[in-house]
Amino acid sequence: MEYLGYITLTIFIVTMVLTLFKKIDLPVQTVLVLVSIVCLIVGAIFRFTTEGFNSAILLPNEMIGGIILHPITALLAGLFLAGALDATHGFDALKVIINKLKKSPIGLAGTVVILINLPVIASLPCGRIIAAALLPLLFSFGYEGGMGILTKTQLIVLIAAFTRNAMGSCGPSPIGGVGQIGEGFLGAFFPTASDGILRAPQAFALIIGTALTALFIKIISQKLYPDDVALSDKPENQEEDEKEALPEIKAPFRGYLSLIIFVASLLTAIFQPFGKAMPVQTMLVAGGILIILLCQAKIQDLMNGIILLPVTAMASGFMAAGALAATGGFDALGVILKSLSTVQILGVAGMLAIFVQMQTILPLSCSRILTAALVPVLYLFGPAKYNLVTWPQLAIVMAAYMINATTSCGPSPLGGGGTMGEGQMRAESGFIKGAYTYSSMAIMAPLAAIYMKFMNFTVFSPSNPDFSQNIITIILYTFVIIAISIGMMSLVSRMVSNNDTKNWRLQLIYFLISGGIAGAVLGFSVYELQYIEIVQGFIGGVFAAFLIGVMVPKALSVVRKTA
Amino acid sequence: MLTILSFLFAGALSGVIIAYAMDMKTPKELLQGAVGGLIAGFLMAMMLPR
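Sequences listed follow chains A and B, in order. Each residue of the first sequence is one higher than the one before, starting from 21 at the first, in the working numbering. Each residue of the second sequence is one higher than the one before, starting from 381 at the first, in the working numbering.
The shape of chain B in the complex, shown without the other chains (with noise of 0.2 Å):
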């Protein structure tokens, strides 16, 4: 769980960085970036061993 938690934390933040990083500085665009973040770190928190 904290294994899933944490890649949660990191795809979120990344995805804020990277949508920032594309000028896409709105909130929207922002919590998009973030979402679609949370959606990455989860895939990959799945398909880790635990």
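The following block holds chain A by itself, in its conformation from the complex (with noise of 0.2 Å):
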């Protein structure tokens, strides 16, 4: 049995890694679906030679009782009831709002700020949904886009930026959220943390790390790459009045209904306010069938609302996971892990250092897919098997873990969610992958451990003595590690040259810094002041940094033509 798992676990990772570098040129559904089938086989007949037709007969069962159902048909409803809302026109109606909050006070700058954060705001299971309903709106902010009131640069940033947020929005989603698949485990000892003890650890991490994407994209990405984005910009002899003028947005009634009603869902399903009688799910179908009956949307407009690669994503990622479980997959990942701990330059502090950048190294075009292999392997290190660590110190971890999971469908190259910003910005494959694997690796993840340690932990176990909140920690950890990023950005900056191997270089030596100080500050949230700990964390963040450092391109004209 051991040896069948070191097989299967072999299948697997190869393959993925195949498929990451396009030497498979299947959908990476397929594949995962390939790999569970093989892995089937492989295990049918290790079994059978081994212990008979009665074991190898049972495998199949032991892979569908992987499937964990919740998620999927949460993800199923929260695609339905979007569906709803975008065949009533209530992303019109929320454009409309937009534009007239671009004239109150807040003013533009304060108005595209609110609009880079709308997708961790409206929580939907999927970023894909709200991106593909207000990119189109964003690039209308351009000068090509007809509105004409931000400079090329600013709408590569603002495009960028809302593209970051969105491709990680899925992360704290309450309905069908990628989070959820870690809290299920994490009710072993926090009662209520299907509540969603991970949602506010990975949403402050985003709404700081989408900032920082913004950043990094304006003051590096640009330098890197300055052909690359074939946005233009207004032509400086143009007259004010040559600017063509755009119909007015305009919104339908029903919109505003739909759009109500799709509000009063979502909190509804976030504060279940009918108790835990009233399922998620329910919720959401109560609303599309409300928004079916008064604004007069089909059946057919709602089920066109369901985007299947999420779906088939982790569908195919449980059936991966679970033939990975049945066959020994996982204990063959976790007995590997466990003694890349006994390492004494990594320990466990390091081992976790690299494990939770995981999908920031492997980025495939859906997080659900390796979150739902990947999160069971983590659950053993806690006390349920391994006992490297205790249930808190595993709640931190797996709130790093999942930022850095949910954020990873942003820069992956197999269609992964980044692409849809770069296909509005006009950018070359690959020109926010640096920003995106930056912001993962170096901000969210060591901020989203932070938050849980010193935050979260009152919320959910409030007669826990242990814990407590403590503001002022998280307020200047975040801002020392905002400045530090700041400092090194600006250097990096400063420092760029027409040589783009130095510039790669130069890059790579950014990241190697800046995820050994992601390990180090993770290693102290788990382990607080044990230096040793603390040191194996920087290890192995610098480890799992340069894999993530040597995947960003050097020029992106040289991938369009190699691709």
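Any given hint could turn out to be false.
[As the list claims (entries may be wrong)] Here are the simulated lysine to any residue pairs, SDA-like style, with alpha carbons at most 25 Å apart:
1. 243(A) with 509(A)
2. 405(B) with 26(A)
3. 123(A) with 403(B)
4. 405(B) with 121(A)
5. 123(A) with 405(B)
6. 254(A) with 155(A)
7. 405(B) with 43(A)
8. 243(A) with 510(A)
9. 405(B) with 164(A)
10. 243(A) with 405(B)
11. 122(A) with 409(B)
12. 405(B) with 125(A)
13. 405(A) with 22(A)
14. 405(B) with 405(A)
15. 405(B) with 510(A)
16. 120(A) with 382(B)
17. 122(A) with 411(B)
18. 123(A) with 411(B)
19. 408(B) with 506(A)
20. 43(A) with 26(A)
21. 408(B) with 124(A)
22. 123(A) with 174(A)
23. 115(A) with 309(A)
24. 408(B) with 174(A)
25. 408(B) with 169(A)
26. 172(A) with 517(A)
27. 254(A) with 405(B)
28. 408(B) with 127(A)
29. 122(A) with 426(B)
30. 120(A) with 172(A)
31. 243(A) with 449(A)
32. 405(B) with 448(A)
33. 254(A) with 440(A)
34. 172(A) with 448(A)
35. 115(A) with 426(B)
36. 574(A) with 252(A)
37. 243(A) with 517(A)
If you are wondering where the hints come from, they were derived from the structure by calculation, not from laboratory data. On a predicted model such as this, the values are computed, not experimentally measured, just so you know.
Two chains, two frames, a set of hints: combine them into the complex.
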């Protein structure tokens, strides 16, 4: 059985890496289904020869048993409701509100900040929904889009930051969000974990991480890839009145009504005023039915809202995870990582610092694929099996892992969500990769860990005297992390030259130092002031940052020619 | 309450950084960015479990 686990784990990892490097030219979901079938066949043969026919025949049952239905049905219900909103012009109503906000005292600056953070506020189960609805609106702010109120640089930053926020918003979503996969496991210690124990750390990390992404795009990415965004600025000699007049944004009454029903359903799903007896899915479907009745939407419209990618990604991820679990693949991975933690230079802290960055190292089109496979492994590190960390320590690591995982679809070259932003800003593929991976690795993962430790435990375990909220510490650490990042960012920006290789090496060094700091912060969050663990976290973080940094393209035009 | 405060802080800070990154660097624009961030942070915090 032990050997079988190593065999199936090898099959899984090798096929995932080959898919990432486009050596296997198939959709990742197809690859996962094929991997599951191959693992099952190998497992069945292995069991038949070692344990007999009865053991082999049970294998498919064990695999299917690993599929968790709750996040899948919540995701379907969320997409169903979002489809209703889209079909009844609810997003048009949102655009009208944004347009009015622009003319209010908060001005353009305040409006774009709200707009950029709208995906996390809306909490949809997949960032692609809101990105598809609002990216064309953002594009219209530029010269080519007609309004001409933002320059090319401003528009690039706006679109990149908005897409970053969107491709991470599925994590803290209470309606089928990725984080729910981890919350289920933490429920073993925190009884109310499924109410959203991972949501606040993720949202906190995202709001800061989005801002740092904007800054990275502005002062580094645009210098590294100056000719790789095809957007244009308004010609200097163009008269103001030559600007093409855009039709006024309007929305029908049913658009406003569907938006109100949508918000009400979302709030009811989040706060559960009817208690646990009324599941999230019921509230969302009820909202969908109300929209059908009151806003004249058709069932077909609602079905159109269901984006298959995240659903199939989650289902195929669970299938592969089930196959790995049934054949001992997770046990093998657990043993490998546990033995990694015995290497003195890494220890448990260093191994965890690498583990939390795993999905940014291997970014797939939807984070749910690997999350479904890797969260059970992380769970095994806790008191449930290997006892490497306590329950609260596991929750801290889970928060860091989850935000890193959920934002990994952004920089994925396999049709990740970030490609939507790149397409909208007419950028070469890979333009956002550095900024997105940097913010996930160096900003969001450590901030989520810090937030979980110093703010979130008391919400879910109020009677435990070991937990307390310390907002001063949160503010202090956020300032320190931001100050170090911005300081190094501006230093790198000043040192950028015309030499692509030199620039790439410079960026890699920046990643290594930032990754090390992120690992050290994680080490501190988990072990407090134990210096050996903090150093081990730093070393693990450097190792992970190396694997992430080497994947950032040197020059985008080269990527285009060789693709 | 502290959760809301932490998100107001994160929102305001994020708003200022975004406004700066978008070349909106006058005190008025930075303040508007901070207010936008405060609103975003508040809305996010209100959606969280307490």
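Item to check | Holds or violated: residue 122(A) to residue 409(B), with C-alpha atoms at most 25 Å apart | outcome: Roughly 12 Å separates the two Cα atoms, so the pair holds.
Next on the checklist: Does residue 448(A) sit within 25 Å of residue 172(A), going by the straight-line distance between their CA atoms?
Outcome noted: holds (15 Å)
Checklist entry - Given the proposed pairing of residue 405(A) with residue 22(A), does the C-alpha separation stay at or below 25 Å? => result holds (16 Å)
Next on the checklist: Check whether the Cα positions of residue 405(B) and residue 26(A) lie no farther apart than 25 Å.
Outcome noted: violated (56 Å)
Next on the checklist: Checking one constraint from the list: CA of residue 243(A) to CA of residue 517(A), max 25 Å. Satisfied?
Outcome noted: The given pair, whose Cα atoms are some 9 Å apart, holds under the 25 Å limit.
Item to check | Agreement of residue 408(B) and residue 124(A) with the hint, judged by alpha carbon distance not exceeding 25 Å | outcome: holds (13 Å)
Checklist entry - Does the alpha-carbon distance linking residue 254(A) and residue 440(A) stay inside the 25 Å limit? => result holds (24 Å)
Checklist entry - Is the hinted pair residue 123(A) and residue 405(B) satisfied, with a Cα-Cα distance of at most 25 Å? => result holds (19 Å)
Checklist entry - Within a Cα-Cα threshold of 25 Å, do residue 120(A) and residue 382(B) meet the stated pairing? => result Violated, because 31 Å separates the two Cα atoms, which is more than 25 Å.
Checklist entry - Is it true that the CA of residue 574(A) sits at most 25 Å from the CA of residue 252(A)? => result At roughly 23 Å apart (the allowed maximum being 25 Å), residue 252(A) and residue 574(A) satisfy the hint.
Checklist entry - Does the alpha-carbon distance linking residue 405(B) and residue 164(A) stay inside the 25 Å limit? => result holds (24 Å)
Next on the checklist: Between the alpha carbons of residue 408(B) and residue 127(A), is the straight-line distance 25 Å or under?
Outcome noted: holds (9 Å)
The earlier numbered hints that this structure contradicts are 2, 7, 14, 16, 32.
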